[in-house]
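Asks: The listed protein sequences derive, respectively, from chains A and B.
Using our numbering, you'd call the opening residue of the first sequence number 4 and step up by one each time.
Using our numbering, you'd call the opening residue of the second sequence number 1239 and step up by one each time.
Where hints are given, some of them may not hold.
To be verified - Straight-line distance between alpha carbons at most 30 Å, and here's what the computed DSSO-like set of lysine-lysine pairs gives:
(1) A:Lys123 - A:Lys196
(2) A:Lys119 - A:Lys154
(3) A:Lys14 - B:Lys1493
(4) A:Lys154 - A:Lys196
(5) B:Lys1372 - A:Lys14
(6) B:Lys1372 - B:Lys1262
Said to hold, decoys possible - Coverage of chain B stretches by chain A, computed from C-beta distances (three or more under 8 Å per stretch; other residues unrestricted):
(7) 1390-1399
(8) 1406-1420
(9) 1434-1446
It is worth saying that the hints were derived from the structure and are not from the lab.
Think of the CB as a built atom: it goes at the ideal place given N, C-alpha and C, for glycine as much as any other residue.
Take a look at the letters that make up each chain.
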Amino acid sequence: MQASRREFLTKAAQGAAVAACGGLIWAQLLRQEAAASVLALRPPGALAERDFAATCIKCGQCVQACPYDTLRLARAEDDAPIGTPHFVPRDIPCYMCSDIPCQVACPTGALSPELKNIAKARMGLAVIDTESCLSWQGLRCEVCYRVCPVKGEAITIENRSRVVSKHALFVPHVHSQACTGCGMCEDACPTEKAAIRVLNPALVQGRIGSHYRLGWLSDTPITQDFKPPEAPPAVGPAVTEPSAPKTAPGMDVLNQGIDP
Amino acid sequence: MSAIPLSTRRAARLYTPPATLAGKLHDAGYLILRRITQVGVLLLFFGTLHWGWQVMGQPVLRGNLSASELLGVIPLADPFAVLQQLASGHALQATVLLGAAILLVFYALAGRVFCSWVCPMNMVTDLAGWLRGKFDLNNLFRLQRGTRYWVMGMALVLSALMGVAAFEWVSPISMLHREIIFGVGMGLSAALGIFIFDLLILKHGWCGHLCPLGAFYGLLGNAALLRVRFDDSSCTHCGECVRVCPEPQVLNFKKAAESGMVTAGACTNCARCVPICPEDSLDFALRWDAHPSPGASQPRTPNSTVRNTP
Ligand code: SF4
Ligand code: SF4
Ligand code: SF4
Ligand code: SF4
């Protein structure tokens, strides 16, 4: 009786140990397999990487729906976790179909149906390597600007004057509030290795932080939080206050938006 | 109701393979059909993706075994994968839920037919099982067949803990069909791993002991309408069916006689047992066409030693 009881308990403990070991190995395997990839560029409307990894069932229907063969299920050697849809702009960029067939084909919602307008897609953010961009060297390339489907908003060409004896540069600038990350610029860039590349915004975007106040941009005066102590009730003859200047000295330059 | 006296039960005789080609083909009929559906499903996916197969302007079968769309309208999805995704705490779109529901109902009616009629891994494990029979290899260790239900439970628990579909992400089955259809890699190594495991380490090791997807369909299969019917009055307990069954524990003569059919959900409806039975005591039938045999309540001992290989 006692012996069989002990045997049962030992068996149970062994079973639990095997389950625990198996579970740990499995969890470790999962951590490797399903590790969110910062390098992967996802189809338009893709959820944030962690949610995408959990929601995408890896069926490849988006891949099949894409008329340009842009999307691929990641292979073992790719930057994205195996089996998940991604694209490599320098091979084939996303041509931003207005009917977003990849997203329509997605059965799970990993490509969110909330994306109605392809121009609102944020697959990535184009980043320029000014050291290899031809325009930044002084040539009139501007290819990225011309191929950009949201040109004038996602990429603008800015005039950049130099010293007197040199002609001005006409350089591309990317604006994150309009760039969809489609990668047409990266695909078209004529340099040997693309000087403009689409990357996961999380990889390249900084954040100013709320403790910096760009006073010249805000509508309220920079002193908005400063309240002078209540003046004690006046005793004796009333004194007329000297009128204080509206802005601090030296602020004018900033307020007028003049870059010194 | 009167019991069938033991003395009237005919003496057991074993299966003799037919001499003619027609007879051989007849006996291999279900096997051939299963290979046709297994390869056919993959071919439909492959043809739709690579050769643009269409019917009435609609892609025939888009996607893969995880989720797909049939003829441009009917969504289908692997219910166990979807269950894991839900366990991971993520809301899913109605399309995939509907697709999972459709297959859930289908497999609840048809039994564990996914395993023997659809799953590409079945061809791998069948080959390993067949070779094992040729070489008469020993198991390296023993494992309870119930282990798979624990693996299945753990898949759901880990999905909840890790926030991603735990089995789907490491599933050798998904790797294999994704490899075959989309060519993403790793699938062949996954299949090779399972093959070696089944061949050299444990008989029916993967499908019969570990696969959580098979376990899931096995649980569903308990409700199945499509059954292997058992005729107790002609059965001689020769045990040929048990010898060829990949899930031999489901062929329990006593239980089968009581209900007139194989009731266990783990039965994959592969029909290996049907043509091999020398007495034609087994065939496919719907649940309500199977009737308990008159002598079922009477306990009996088998005539011959049943080679039950767990
Ligand atoms: S929007 Fe069009 S081109 Fe871009 S990934 Fe989707 S289907 Fe392909
Ligand atoms: S269609 Fe949706 S679920 Fe299927 S692979 Fe593409 S993103 Fe994933
Ligand atoms: S990725 Fe390039 S081409 Fe596409 S929107 Fe952004 S800047 Fe324009
Ligand atoms: S047990 Fe698993 S691997 Fe085997 S046939 Fe069934 S689903 Fe496929």
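Asks: Run every hint past the structure and note whether it holds.
Replies: Each hint, compared with the structure:
1. Restraint check: the Cα-Cα separation between A:Lys123 and A:Lys196 comes to about 28 Å, which is no more than 30 Å; the hinted pair holds.
2. Proximity of A:Lys119 to A:Lys154 is assessed by CA-CA distance (about 20 Å); at most 30 Å being required, the pair is judged to hold.
3. With a C-alpha separation of about 29 Å, the suggested pair A:Lys14 and B:Lys1493 falls inside the 30 Å cut-off, and the hint holds.
4. Among the hinted pairs, A:Lys154 with A:Lys196 is consistent with the structure: their alpha-carbon atoms are about 22 Å apart, no more than 30 Å.
5. The hinted pair formed by B:Lys1372 and A:Lys14 fails the criterion: a straight-line CA distance of about 35 Å is larger than 30 Å.
6. Between B:Lys1372 and B:Lys1262 the alpha-carbon distance is near 19 Å, which keeps this suggested pair within the 30 Å criterion.
7. Only residues whose C-beta sits within less than 8 Å of a C-beta in chain A count toward coverage, and the stretch 1390-1399 of chain B has 4 of them, enough to reach three; the restraint holds.
8. Here's how the stretch 1406-1420 of chain B fares: 8 of its residues keep a CB closer than 8 Å to some CB of chain A, so the rule of at least three is met and the hint holds.
9. Remark: the stretch 1434-1446 of chain B is not confirmed as covered by chain A, as 0 of its residues place a Cβ nearer than 8 Å to a Cβ of that chain, below the required three.
When held up to the earlier numbered hints, the structure conflicts with 5 and 9 and fits the remainder.
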